[in-house]
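Enquirer: Chains as they are written, first to last, in numbering that gives the first Met the number 0: chain A, 0 to 381; chain B, 0 to 581.
Since the hints were derived computationally from the structure, they do not count as laboratory data. Note that the coordinates shown come from a computational prediction; the quantities given were computed from them, not determined experimentally. Be aware that one or more of the hints could be misleading.
Unchecked claim - Capping the alpha-carbon separation at 25 angstroms, the derived lysine to any residue pairs in SDA-like fashion look like this:
{"#": "1", "chain 1": "B", "residue 1": "K388", "chain 2": "A", "residue 2": "M263"}
{"#": "2", "chain 1": "B", "residue 1": "K533", "chain 2": "B", "residue 2": "P410"}
{"#": "3", "chain 1": "B", "residue 1": "K533", "chain 2": "B", "residue 2": "K388"}
{"#": "4", "chain 1": "B", "residue 1": "K388", "chain 2": "A", "residue 2": "R283"}
{"#": "5", "chain 1": "B", "residue 1": "K373", "chain 2": "B", "residue 2": "I297"}
{"#": "6", "chain 1": "A", "residue 1": "K29", "chain 2": "B", "residue 2": "T23"}
{"#": "7", "chain 1": "A", "residue 1": "K32", "chain 2": "B", "residue 2": "P67"}
{"#": "8", "chain 1": "A", "residue 1": "K34", "chain 2": "B", "residue 2": "Q66"}
{"#": "9", "chain 1": "B", "residue 1": "K435", "chain 2": "A", "residue 2": "R287"}
{"#": "10", "chain 1": "A", "residue 1": "K29", "chain 2": "B", "residue 2": "Q366"}
{"#": "11", "chain 1": "B", "residue 1": "K373", "chain 2": "B", "residue 2": "L363"}
{"#": "12", "chain 1": "B", "residue 1": "K218", "chain 2": "B", "residue 2": "S176"}
{"#": "13", "chain 1": "B", "residue 1": "K434", "chain 2": "A", "residue 2": "R283"}
{"#": "14", "chain 1": "A", "residue 1": "K95", "chain 2": "A", "residue 2": "Y80"}
{"#": "15", "chain 1": "A", "residue 1": "K29", "chain 2": "B", "residue 2": "S459"}
{"#": "16", "chain 1": "A", "residue 1": "K29", "chain 2": "B", "residue 2": "P67"}
{"#": "17", "chain 1": "A", "residue 1": "K97", "chain 2": "A", "residue 2": "V81"}
{"#": "18", "chain 1": "B", "residue 1": "K435", "chain 2": "A", "residue 2": "R275"}
{"#": "19", "chain 1": "A", "residue 1": "K34", "chain 2": "B", "residue 2": "D27"}
{"#": "20", "chain 1": "B", "residue 1": "K388", "chain 2": "A", "residue 2": "F286"}
{"#": "21", "chain 1": "A", "residue 1": "K29", "chain 2": "B", "residue 2": "Q555"}
{"#": "22", "chain 1": "B", "residue 1": "K388", "chain 2": "A", "residue 2": "V284"}
{"#": "23", "chain 1": "B", "residue 1": "K310", "chain 2": "A", "residue 2": "M263"}
{"#": "24", "chain 1": "B", "residue 1": "K434", "chain 2": "B", "residue 2": "S449"}
{"#": "25", "chain 1": "B", "residue 1": "K434", "chain 2": "A", "residue 2": "P291"}
{"#": "26", "chain 1": "B", "residue 1": "K218", "chain 2": "B", "residue 2": "G178"}
{"#": "27", "chain 1": "B", "residue 1": "K276", "chain 2": "B", "residue 2": "K435"}
What the hints assert, rightly or not - Which residues of chain A face chain B? A few of them, derived with a C-beta cut under 8 angstroms, are:
{"#": "28", "residue": "A264"}
{"#": "29", "residue": "E268"}
{"#": "30", "residue": "D269"}
{"#": "31", "residue": "T272"}
{"#": "32", "residue": "A274"}
{"#": "33", "residue": "D277"}
{"#": "34", "residue": "G278"}
{"#": "35", "residue": "A279"}
{"#": "36", "residue": "V284"}
{"#": "37", "residue": "F286"}
{"#": "38", "residue": "P291"}
{"#": "39", "residue": "S292"}
{"#": "40", "residue": "H296"}
Beta carbons are placed, not taken as given, at the ideal position from N, Cα and C, and that holds for glycine.
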Amino acid sequence: MELQQTATPQDPRSQDGIAEASQARLIWDKFRKHKVALVSLYIVAAFYVVALFAEFFQPFDPNLTSRSQVYHPPQVLHFTYVDVTGSRVFAPHVLKQKLTRDKLTLKASYETLENERVFLRLFPKVDSYKLAGFIPANRKLFGPVDPGERVFLFGSDRLGRDMFSRVVAGTRISMSIGLVGVGMSLVLGLIIGGAAGYFGGWFDTVSSRVIELMLSIPTIPIWLGLSAALPPSLDPMTRYFMITVILSLIGWTELARVVRGRFMAMRTEDFVTAARLDGASPRRVIFRHMMPSLVSHIIASVSLAIPVMILAETSLSFLGLGLMPPSISWGVLLKEAQNIRSIAQAEWLFIPGGFVIVAVLALNFLGDGLRDAADPYSQHGA
Amino acid sequence: MTKTPETEQKPLLSIRNLTTAFATRHGDFNAVDDVSLDLFAGKTLCLVGESGSGKSVLSRTLLRIEQPGLIRSGQIILHPSESDARRVRPGTIDLATLDVKGKTIRAIRGRDIAMIFQEPMSSLSPVHRIGSQITESIRLHEKISKADARDKAIDLLRQVEIAAPEVAIDKYPFEFSGGMRQRAMIALALACNPEILVADEPTTALDVTIQAEILDLLKDLQLRHQMAMLFITHDMGVVAQIADQVAVMRHGKVIEENDVFTLFREPQHSYTKTLLKAAQSSDTPSARRTAMRERRPIGQPILRTVGLGKKFPLSSKGIFKKEVTWLHAVKNVSFDLHAGENIGIVGESGSGKTTLARCVQRILSAQDGQILLKDDHGDETDLVGLDDKALTQHWRDMRMIFQDPFASLNPRMTISQIIAEPLLLSGMTSPQARKKRVEELLDLVGLPRSAGERYPHAFSGGQRQRVSIARAIAPNPRIIIADEATSALDVSIRSRIMDLLLDLQEQLDLSYLFISHDVGLVRYFCDRVLVMYKGEVVEFGETEQVCTAPHHRYTQSLLSAVPIADPTRRDDKTRFRYHAPA
Numbered sequence: 000m001e002l003q004q005t006a007t008p009q010d011p012r013s014q015d016g017i018a019e020a021s022q023a024r025l026i027w028d029k030f031r032k033h034k035v036a037l038v039s040l041y042i043v044a045a046f047y048v049v050a051l052f053a054e055f056f057q058p059f060d061p062n063l064t065s066r067s068q069v070y071h072p073p074q075v076l077h078f079t080y081v082d083v084t085g086s087r088v089f090a091p092h093v094l095k096q097k098l099t100r101d102k103l104t105l106k107a108s109y110e111t112l113e114n115e116r117v118f119l120r121l122f123p124k125v126d127s128y129k130l131a132g133f134i135p136a137n138r139k140l141f142g143p144v145d146p147g148e149r150v151f152l153f154g155s156d157r158l159g160r161d162m163f164s165r166v167v168a169g170t171r172i173s174m175s176i177g178l179v180g181v182g183m184s185l186v187l188g189l190i191i192g193g194a195a196g197y198f199g200g201w202f203d204t205v206s207s208r209v210i211e212l213m214l215s216i217p218t219i220p221i222w223l224g225l226s227a228a229l230p231p232s233l234d235p236m237t238r239y240f241m242i243t244v245i246l247s248l249i250g251w252t253e254l255a256r257v258v259r260g261r262f263m264a265m266r267t268e269d270f271v272t273a274a275r276l277d278g279a280s281p282r283r284v285i286f287r288h289m290m291p292s293l294v295s296h297i298i299a300s301v302s303l304a305i306p307v308m309i310l311a312e313t314s315l316s317f318l319g320l321g322l323m324p325p326s327i328s329w330g331v332l333l334k335e336a337q338n339i340r341s342i343a344q345a346e347w348l349f350i351p352g353g354f355v356i357v358a359v360l361a362l363n364f365l366g367d368g369l370r371d372a373a374d375p376y377s378q379h380g381a
Numbered sequence: 000m001t002k003t004p005e006t007e008q009k010p011l012l013s014i015r016n017l018t019t020a021f022a023t024r025h026g027d028f029n030a031v032d033d034v035s036l037d038l039f040a041g042k043t044l045c046l047v048g049e050s051g052s053g054k055s056v057l058s059r060t061l062l063r064i065e066q067p068g069l070i071r072s073g074q075i076i077l078h079p080s081e082s083d084a085r086r087v088r089p090g091t092i093d094l095a096t097l098d099v100k101g102k103t104i105r106a107i108r109g110r111d112i113a114m115i116f117q118e119p120m121s122s123l124s125p126v127h128r129i130g131s132q133i134t135e136s137i138r139l140h141e142k143i144s145k146a147d148a149r150d151k152a153i154d155l156l157r158q159v160e161i162a163a164p165e166v167a168i169d170k171y172p173f174e175f176s177g178g179m180r181q182r183a184m185i186a187l188a189l190a191c192n193p194e195i196l197v198a199d200e201p202t203t204a205l206d207v208t209i210q211a212e213i214l215d216l217l218k219d220l221q222l223r224h225q226m227a228m229l230f231i232t233h234d235m236g237v238v239a240q241i242a243d244q245v246a247v248m249r250h251g252k253v254i255e256e257n258d259v260f261t262l263f264r265e266p267q268h269s270y271t272k273t274l275l276k277a278a279q280s281s282d283t284p285s286a287r288r289t290a291m292r293e294r295r296p297i298g299q300p301i302l303r304t305v306g307l308g309k310k311f312p313l314s315s316k317g318i319f320k321k322e323v324t325w326l327h328a329v330k331n332v333s334f335d336l337h338a339g340e341n342i343g344i345v346g347e348s349g350s351g352k353t354t355l356a357r358c359v360q361r362i363l364s365a366q367d368g369q370i371l372l373k374d375d376h377g378d379e380t381d382l383v384g385l386d387d388k389a390l391t392q393h394w395r396d397m398r399m400i401f402q403d404p405f406a407s408l409n410p411r412m413t414i415s416q417i418i419a420e421p422l423l424l425s426g427m428t429s430p431q432a433r434k435k436r437v438e439e440l441l442d443l444v445g446l447p448r449s450a451g452e453r454y455p456h457a458f459s460g461g462q463r464q465r466v467s468i469a470r471a472i473a474p475n476p477r478i479i480i481a482d483e484a485t486s487a488l489d490v491s492i493r494s495r496i497m498d499l500l501l502d503l504q505e506q507l508d509l510s511y512l513f514i515s516h517d518v519g520l521v522r523y524f525c526d527r528v529l530v531m532y533k534g535e536v537v538e539f540g541e542t543e544q545v546c547t548a549p550h551h552r553y554t555q556s557l558l559s560a561v562p563i564a565d566p567t568r569r570d571d572k573t574r575f576r577y578h579a580p581a
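Taking the hints into account, I'd like the entire structure generated from these sequences.
Expert: Set out below in structure tokens:
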């Protein structure tokens, strides 16, 4: 390094690379050092890509039933096999399984047929559909070469629906309900918390007491009460929207508290006073001067609030009061795994639970990493 | 000339070619670069330097608390003690090679080398009593009973001249004043009778009268215990008071080392000369200012306050908060600021000078009195009682420069945006016009035009303060209130900023209200001075007259405490502390 050769000590701040670096750059540099958070970022990004293009990633229609393939166990994906001439051939496939019923007990069991293979390929052509609801498309990520065949990588449920496709479809609703719910909480939290923190006085007193009151009520009963009050005749889309409203009615309180605290601390900072003396209106002081300094903290709070929302939706749907079939969310899917039979016979119905865990953990780690990185000058974790 | 100590005695601690580095993305940054120094029993080595010169890192390295820094090379040799009264260490120890968490260094810390930090509030544990902190330190190094340790702690508190030590020992740090806390901190450092005391800016956070007392105390204790002291400071005045030997640090290197008398008489390095000049010139009126007053006499009063008062509610009794006790931060303050004049407001922390400034600027609202601002037509407006909307136009006339250049600039806005903000809000809507004006302002405050595109964190404290000044003068104000505007800056930068303010005064017809705790700066900068004590003005008059022949006892006490940057006049003055009549 040049610095060592010349041996002239230099103020590190004066080195152009750091001095010129924008705030975003400093945050990213710090964030990158947090390896777990970085991996989590990729996982979360992958989840949202899957959620956005769910139709492309699901090989079958998630609502397509098959009476002869109920509780079909997951099939193992094989990449090569030995063909009749004895040479190894590359061809991704699964082995077919056949349903047999015990004549006496009527117990269903699947028998693997060693020589019947369902071959898979990438980007098979299927009936045209709308990707993300508006892009016309007619190919999937993967699927059976023969469109008539079915493949159950995650098994099937009691109606013979492909769990893999259903989990992918559930990703969309579960991951988006977090975003939409947090978005709504954010608007409420920013406005109420911001006003309480900046102006103080009676508004702060009233809003703080309301927040404390809302936080003192156990959340599950209040969610249950509110969602039980929703008329069952609502169409899935309205119901989805109402559920997010219910979730964010509680969710804004935490965000409002964080924002209020930050505003109170920042209100007395000299640069805020300076803005006031410059003639800036309260609105300009809040949005032009104070808010930009909070963005990174808000992003961090948001990424920590999303998993809470996801869990809340999952719990509600699991209890049967959240989303209802035909909507598919991870919670709705887990509702299928509520009985003893699924534990005994079809343990693959718990697979959506694994996704809930991975998504929530990844979002939490991401939020932690962002929170640490949001203050690039802090010594913590450096 | 005094003899160099080397001929007389062996050093207690020798630092040899020490380099402490911080790993950065651009390779090593040597905060301490090839430094060699010696500490002798009963002598004080003053380490002088500006912020970032590596003096604090060096002191921390001695105690091996330099992390995240790393010692790259060199030795810190702790020699065996000469005196019989002390525990005798087996041979020499090179502290630089010790494991930072090991037993050896832990035993040395506190017992052989103790440290006093700058901020006594954050270096004492807020949840433990003073006594238990001192006894803990004693019992960590000596095997004595709790009762004995307590007796010893009381004795230590007595040594550091804390009144009623038997009572004080059971108090918490927050019950102490700043000076008392620093005394307690010194008692803590002395708990195990260390041979070497490292004091890192121990008086910087204190008022000047308390600083004088603490310096006296340290000198006295050093004499009594024959300690070697490494005293770190940026203040040449303090150096002149306390040092035997002085080492000047810059960019991690010791650029000059000599005994204090020689160094002040014949500084060798140009940087030392600059430091000395800055320290000595701030005690006299600025030639720039006196010349300016010749050319342009002071005009009519433009800002008057009449009986200004501000009180804060402290606590309220009863459920309905009917009885409220008040803190009278500012009481009955009247002054008049003339056009083209600089008025200094001087006082110690808690004297109400910042509250006064904020009331005049109308960041706070005063409860009593009037603030009369005269506009160009000679009409006076009372600012008390106006709301933010009505104040907006007066805020363009009267601007503020804040103390902390790191807190007063929005970290998320570029320099251009920051300077253009008052322009934009006063109705300069054309981006071209704003850009032109910002460039003009950057020229005025001596910053390159390219600075506009960068963010505040790319600038040093002095440069940031220039940005603050540019923002203040942007809407063509007539009055500027500078609240400790130069206090956070290094000495050499400080005088440059003050000269900049004076130049701007001449170019832009400004009047200044200059708030400072430093009498020297006020003398340099201000025509008249207002001395505040506990919210009241105790003296108001021509600066030179107040500084040379103060009337009020408090002013006399304040002036007597100011350290003079001349070691030969060390014991000239008799210091005393002013106590308000009950």
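Enquirer: With reference to the structure, classify each hint as holding or not holding.
Expert: Structure-based check of all given hints:
Restraint check: the Cα-Cα separation between B/K388 and A/M263 comes to about 22 angstroms, which is no more than 25 angstroms; the hinted pair holds. At roughly 35 angstroms between alpha-carbon atoms, B/K533 and B/P410 are farther apart than 25 angstroms, so this suggested pair is violated. For the given pair, B/K533 sits about 32 angstroms from B/K388 by alpha-carbon distance, which is inconsistent with the 25 angstroms threshold. For the proposed pair B/K388 and A/R283, the alpha carbon gap of about 14 angstroms is at most 25 angstroms, so the pair holds.
The hinted pair formed by B/K373 and B/I297 meets the criterion: a straight-line CA distance of about 16 angstroms does not exceed 25 angstroms. The suggested pairing of A/K29 with B/T23 holds, with an alpha-carbon distance near 13 angstroms, which does not exceed 25 angstroms. For the suggested pair A/K32 and B/P67, the alpha carbons sit about 17 angstroms apart, so the restraint of at most 25 angstroms is met. Between A/K34 and B/Q66 the CA atoms are separated by roughly 23 angstroms; this keeps the pair inside 25 angstroms, and the hint holds.
Proximity of B/K435 to A/R287 is assessed by CA-CA distance (about 22 angstroms); at most 25 angstroms being required, the pair is judged to hold. Of the supplied pair hints, the one linking A/K29 and B/Q366 is violated, its CA atoms being roughly 48 angstroms apart against a limit of 25 angstroms. A threshold of 25 angstroms between alpha carbons decides the hint, and for B/K373 with B/L363 the separation of about 20 angstroms falls inside it, so the pair holds. With a C-alpha separation of about 21 angstroms, the suggested pair B/K218 and B/S176 falls inside the 25 angstroms cut-off, and the hint holds.
For the suggested pair B/K434 and A/R283, the alpha carbons sit about 21 angstroms apart, so the restraint of at most 25 angstroms is met. Of the pairs offered as hints, the one joining A/K95 and A/Y80 holds, with about 14 angstroms between alpha carbons and a cut-off of 25 angstroms not exceeded. Only pairs whose Cα atoms come within 25 angstroms are accepted, and A/K29 paired with B/S459 is accepted, the gap being roughly 22 angstroms. Straight-line distance between C-alpha atoms of A/K29 and B/P67 comes to about 17 angstroms, which keeps the hinted pair within the 25 angstroms bound.
Distance restraint check for A/K97 and A/V81: the Cα-Cα separation of roughly 22 angstroms lies within the 25 angstroms cut-off, and the hinted pair is therefore satisfied. For the suggested pair B/K435 and A/R275, the alpha carbons sit about 24 angstroms apart, so the restraint of at most 25 angstroms is met. For the suggested pair A/K34 and B/D27, the alpha carbons sit about 24 angstroms apart, so the restraint of at most 25 angstroms is met. Among the hinted pairs, B/K388 with A/F286 is consistent with the structure: their alpha-carbon atoms are about 18 angstroms apart, no more than 25 angstroms.
A distance of roughly 53 angstroms separates the Cα atoms of A/K29 and B/Q555; the hinted pair therefore is violated under the 25 angstroms criterion. Distance hint between B/K388 and A/V284 is fulfilled; the C-alpha atoms sit about 14 angstroms from each other, no more than 25 angstroms. With a CA separation close to 22 angstroms, the supplied pair B/K310 and A/M263 stays within the 25 angstroms bound. Taken as a hint, the B/K434 and B/S449 pair is honoured in the structure, with Cα atoms around 12 angstroms apart against an allowance of 25 angstroms.
About 23 angstroms separates the Cα atoms of B/K434 and A/P291, which keeps this hinted pair within 25 angstroms; it holds. A hinted pair counts as satisfied when its Cα atoms are at most 25 angstroms apart, and B/K218 with B/G178 qualifies at roughly 16 angstroms. Between B/K276 and B/K435 the CA atoms are separated by roughly 37 angstroms; this puts the pair beyond 25 angstroms, and the hint is violated. Restraint check, A/A264 versus chain B: the minimum CB separation of about 12 angstroms is more than 8 angstroms; hint violated.
Below 8 angstroms, beta-carbon pairs count as interface contacts, and A/E268 has one with chain B at about 6 angstroms; its hint therefore holds. Hint status for A/D269: holds, given a least beta-carbon distance of 4 angstroms to chain B, under 8 angstroms. Interface hint status for A/T272: upheld, as the beta-carbon distance to the closest one in chain B is roughly 6 angstroms, under 8 angstroms. Nearest Cβ of chain B to the Cβ of A/A274: about 7 angstroms, under the 8 angstroms cut. The hint holds.
Using the Cβ-Cβ criterion of 8 angstroms, the hint placing A/D277 at the interface with chain B is satisfied: the shortest such distance is roughly 4 angstroms. Because the beta carbon of A/G278 sits about 4 angstroms from the nearest beta carbon in chain B, less than 8 angstroms, this interface hint is met. Satisfaction of the interface hint for A/A279 is found here, the shortest Cβ-Cβ separation to chain B being roughly 6 angstroms, below the 8 angstroms cut-off. Here the hint on A/V284 is broken, as its CB sits about 10 angstroms from the closest CB of chain B, past 8 angstroms.
Proximity of A/F286 to chain B is violated relative to the hint, the smallest CB-CB distance being about 12 angstroms (cut-off 8 angstroms). Taking 8 angstroms as the C-beta cut-off, the interface hint given for A/P291 holds, the closest approach to chain B being about 4 angstroms. With 8 angstroms as the threshold, the beta carbon of A/S292 comes within range of chain B, its nearest partner Cβ sitting at about 5 angstroms, so the hint holds. For A/H296, the interface hint is violated, since its Cβ never comes within 8 angstroms of a Cβ in chain B; the closest pair sits about 12 angstroms apart.
Violated hints for the displayed structure, listed by number in ascending order: 2, 3, 10, 21, 27, 28, 36, 37 and 40.
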